[in-house]
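Q: Here is what each chain is made of, one letter per residue.
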Amino acid sequence: MDSSPDLRWFNLDRLNLLIGLFLFLSFLAINRVRARNLDSIYIRPLPGLKALDEAIGRATEMGRPILYVPGIGDMSEVGTLAAITISGPVARRTAELGCELRVPCYDPVVAALIDGVARQAYSEANRSDSYIAGSVYYVSATQFAYVASVTGTMLRDRPAANIYMGAFYAESLFLAETGNQTGAVQIAGCDQVTQLPFFVCSCDYTLLGEELYAASAYLGREPDQLATIAAQDWAKALAVVVVLLGILFALLGRPELGKWLQTS
Amino acid sequence: MRNGPLFVTFLTGATLIAIFFIPHHRAQETQSVILEWADVVYTFALILGSFSLWIANQTKVARRGEGWGYSLVTLVSLTLVTVLGVVQGVSAGTAVGWIYNAINAPLASTMFSLLAFFIASAAFRAFRARNVEASLLLVTAIVMMIGRVSIGEFLWEGFPPLTEWLLDVPNLAAKRAVAIGVGLGAISTALKIIVGIDRSYLGRS
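As given, the protein sequences belong to chains A and B, one line each in that order. Numbering-wise, the first sequence is residues 311 to 574 according to the working numbering. Numbering-wise, the second sequence is residues 3 to 207 according to the working numbering.
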């Protein structure tokens, strides 16, 4: 076995990914210019996000808290980053309506970040005094200990709305089914394909896959954020064309394009 | 210095992206160092999180809030496991190792075994034939359930191949469609943060 250190400055097997990255960055740059010149970029309405306001309003009327569950991913998971971003508008709305927000966290870094985001949201809503220290709290980095704590909170405190956003694994059905039994309005957003059916079964609204990432742009409505969604759509269209071309060439006995697209 | 955190994020993100394309051993060593820094940050955050957990449960016990007994168990467990771990270590044969194997693992298994009941209740709700889509789901689920048990093949030998087709063609196509969307969405989200379009993680709009 060769144990000599690798001295290459570029991995040619990843050239396809580098070209893809530059194409995506070009799409992003073009759409940022478009978003600033046009009034707005159209984004398909997401019923789950439209229901957020309704759910927070309902909780306020009932005098019950909102439970925001940011999943069990750490900071290396993009779903967790999306959950942190979405926690801002949710916290801001709860601050404006005077509703109690509770955020149990699986990861201590995520807890610290969401605490900062929520404090800022309360401050922007001129309700800093209403922010309850400890409403964003660390529970446990053990999957089922976390589940036990969150489901216990659901059964004891009966939140009026449960919002699940982020990366979820085997605990998804525990949380969603327990929440369903308490009669809470449930909105979920998850990027794990295997967990989506569970949320669809047990929640009132579910953001499927990439909709979780689009949520922050949808809620913020800032041109730069909207541009990233448009760039994503362009990239998706390009992916469809490339996949179709790959199939066509393979059928014609030229599988080189399909092989070149394989990642290493 | 307001843009200091944004600069650190950009520098770290751009460096890690660059390293992904550079197999040179020096670049890979740099990546290992950066990942070690992430572990160090996590350790400090864990201490912070433990304090947060302590304060939240201590307050509940002091006020005799609903379910304060559970908070007391949490406080005692947190103290006991921390002290034993610091004194004896956490490897097999120590008290913490025993607590993990004799208490934590069975509790986790018990919780996990409840999943079967939750699946049954969720399936019951999902499989009600309320509309065309739900009816289609119901029929597919019945075919899948029958086709995956031995009686299915006994009833009709076409059931097992049919379930394989359902899994390998329509199911896989849908999963891949979602996966492509998730992949592009993940790239978009990461770039948003690296180039500073999304600053919400800093507590800024």
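Note that these hints are calculated values from the structure, not bench results. Keep in mind that the hints are not guaranteed to be accurate.
27 Å max Cα-Cα, derived DSS-like pairs, lysine-lysine [as the list claims (entries may be wrong)]:
{"hint": "1", "chain 1": "B", "residue 1": "K62", "chain 2": "A", "residue 2": "K569"}
{"hint": "2", "chain 1": "B", "residue 1": "K62", "chain 2": "A", "residue 2": "K546"}
{"hint": "3", "chain 1": "A", "residue 1": "K546", "chain 2": "A", "residue 2": "K360"}
{"hint": "4", "chain 1": "A", "residue 1": "K360", "chain 2": "B", "residue 2": "K62"}
{"hint": "5", "chain 1": "A", "residue 1": "K546", "chain 2": "A", "residue 2": "K569"}
Q: Each hint: holds or not?
A: These are the hints, each one checked on the structure:
1. B/K62 - A/K569: Measuring from Cα to Cα gives roughly 60 Å; hence the hint is violated.
2. B/K62 - A/K546: violated, 50 Å
3. A/K546 - A/K360: OK: A/K546 and A/K360 at ~25 Å, within 27 Å.
4. A/K360 - B/K62: Given pair A/K360, B/K62 is violated - Cα atoms ~35 Å apart, limit 27 Å.
5. A/K546 - A/K569: Holds - the C-alpha atoms of A/K569 and A/K546 are around 20 Å apart, at most 27 Å.
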